[in-house]
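Below are the chains, spelled out letter by letter.
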Amino acid sequence: MALLAVRALSKSFRGLRAVSGASFDVSEGGLMALIGPNGAGKTTIFNMAAGVYAPDEGEIVFAGRRIDGLRPHQICAAGIGRTFQIVKPFAGLSVLDNVIVGALQREPRVPRARALALGILEKLDLAAKQDLPASSLTLPDRKRLEVARALATGPRLLLLDEAMAGLRPTECDQLVAVFRELNRGGLTILLIEHVMRAVMALARQVVVLHHGEVIARGAPAEVVRDPAVLECYLGEDAEV
Amino acid sequence: MRAGALLAVLAAALVALPLAANSYFLSVATLVLYFAYTGQAWNVMMGFAGQLSLGHSLYVGLGAYAAAALFTKFGVGPWAGMWLAMALCVAAGVAIGLLAFRFGISGVYFALLTIAFAEFTRIGFDHIGWLGGPGGLFLKIEGRKTFDLANLRGGQTMFYYVMLALAAGAFALCAWLLRSRAGYYWRAIREDEEAARALGINTFRWKLLAVAISAAMTSLAGVFFAFYYNNLFPEQIFHISQSIEIILGPIVGGIGTLFGPILGAAMLTALADALNNLVAAMGWDIPGVKQVFYGVILLLVVVFVPNGIWPPLAKRLGLGRGS
Chain A
1 MALLAVRALS KSFRGLRAVS GASFDVSEGG LMALIGPNGA GKTTIFNMAA GVYAPDEGEI
61 VFAGRRIDGL RPHQICAAGI GRTFQIVKPF AGLSVLDNVI VGALQREPRV PRARALALGI
121 LEKLDLAAKQ DLPASSLTLP DRKRLEVARA LATGPRLLLL DEAMAGLRPT ECDQLVAVFR
181 ELNRGGLTIL LIEHVMRAVM ALARQVVVLH HGEVIARGAP AEVVRDPAVL ECYLGEDAEV
Chain B
1 MRAGALLAVL AAALVALPLA ANSYFLSVAT LVLYFAYTGQ AWNVMMGFAG QLSLGHSLYV
61 GLGAYAAAAL FTKFGVGPWA GMWLAMALCV AAGVAIGLLA FRFGISGVYF ALLTIAFAEF
121 TRIGFDHIGW LGGPGGLFLK IEGRKTFDLA NLRGGQTMFY YVMLALAAGA FALCAWLLRS
181 RAGYYWRAIR EDEEAARALG INTFRWKLLA VAISAAMTSL AGVFFAFYYN NLFPEQIFHI
241 SQSIEIILGP IVGGIGTLFG PILGAAMLTA LADALNNLVA AMGWDIPGVK QVFYGVILLL
301 VVVFVPNGIW PPLAKRLGLG RGS
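Protein sequence lines correspond, in order, to chains A and B.
Taking this note's numbering, the leading residue of the first sequence gets 1, the next gets one more, and so forth.
Taking this note's numbering, the leading residue of the second sequence gets 1, the next gets one more, and so forth.
Since the hints were made in silico from the structure, they are not lab data.
Just so it is clear, CB atoms sit at the ideal spot from N, CA and C, and this is done for glycine as well.
Be aware that a few hints might be false.
Some, not all, of what chain B presents toward chain A, calculated at C-beta under 7 angstroms [claimed, not checked]: (1) Lys-140; (2) Ile-141; (3) Ala-188; (4) Asp-192; (5) Gly-200; (6) Ile-201; (7) Arg-205.
So that you can see chain A by itself, here it is in the shape it has in the complex (with noise of 0.2 angstroms):
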């Protein structure tokens, strides 16, 4: 059963095709990584998952409801969480408060959303800086910051947009285990990931875009022997 199907989404830019009747599926409890080089339409599929931007044709639908062209706080609120490939931390607000104010989505009353936040902290390790200001952390916290604020709203999806982006290879491997850890919980995570070490380590399912359209589908094993993958990543006639 796919709590997120993709069907023939489309969307040009001033003409520029970015995204081209591209499909797939989220299935409930997966771990889906959408991969390509760079202009492939990987961050266009997200933002219209997030709701940033409408689809010219194609629709997505997440739990049996067309969720295209809603706006983010309705995407958030119908049960898909996002982190930004560029964090954007509340700075000036306290690492629980900016959990808090995820957290308020699910509970709007505040002692009860302070105590959601609190064990959402403590899941992520980040329970002993919960008074720090954000804009103290450092980079592998504030990661894990945008995260824990995300699952505050009590998502069904998380969406991560190169969550590992930035990240040194221990850094890296701390927060697949963080992930993996949430997806066995139930969590379905459909991630944007440029840094192969996390996706090899972490997607069950793997979907390839090349200038917006699907070129390849399938375990990450298998994607990566594809010949069509390998053209698209290191050109023609490449040997492995």
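Keeping the supplied structure of chain A fixed, place chain B upon it in accordance with the hints.
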């Protein structure tokens, strides 16, 4: 705990003040409370929700004219008139907010829009003959000995207590707002609007709410202004200098904090008045000395304590992060 104790001492001192102070000193204190109140109102929009208004004189003026017109033309007292004042100002604020937020106008451009609305309202009121036009609207002055709270006709002490009640009410309201869901959402919007949206916050609606509350609060300052000064001129009450004077207190005291607007208003108003007296006592005639003084203070604050005086002071007093 310490913040509570400090607040209690401050409240007691303010309540007892008329016992010790003469009428002149009380008038300065009233002015301090007036700017503490308007600063608090402006702070809801800018300090909490991050929406810069440079046109708050619009709400002071509309509130003042609404209540004064009802009183002079129809004999309706201020306690009834304030509801019309609030309704008018909320409508004006929401109209500006709808226009700006619908079209994604923010930051400096939003500030310019608020100035524009205040300015053309000022010019508009110059042409409303029914309300006196540029010649002004006047309220009948009773003897300063009367004590008619229902019609706000009375002496300095009465106005002092009315303003104190307003300022205390605004403080309590802001303290509550900051701890409520709205406070969290506003600060999220102030820090990063896109991230706020991604967390399910309908930023359009919450920003409008901030404008509406700020406008409603400011309108009451206008009602007070009308009954306290008994004369209204569009050139004065809608003037941009009125808006600037409202925002100086919170900027000097600390934008987004609860005590900042009070501290800033106290410093600026009291010191400016002392300076005026000093200048007069020396027999000098320096027009605009107050404005120069404000400029110097603002400069010093921006250079040395860009977050305002209150946050570092709160740290010194051991009051945590200054809210």
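Do the hints match the structure? See the list:
{"no.": "1", "hint": "Lys-140", "result": "violated, 48 angstroms"}
{"no.": "2", "hint": "Ile-141", "result": "violated, 47 angstroms"}
{"no.": "3", "hint": "Ala-188", "result": "holds, 4 angstroms"}
{"no.": "4", "hint": "Asp-192", "result": "holds, 5 angstroms"}
{"no.": "5", "hint": "Gly-200", "result": "holds, 4 angstroms"}
{"no.": "6", "hint": "Ile-201", "result": "holds, 6 angstroms"}
{"no.": "7", "hint": "Arg-205", "result": "violated, 9 angstroms"}
When the structure is compared with the earlier hints, violations turn up for hints 1, 2 and 7 and for no others.
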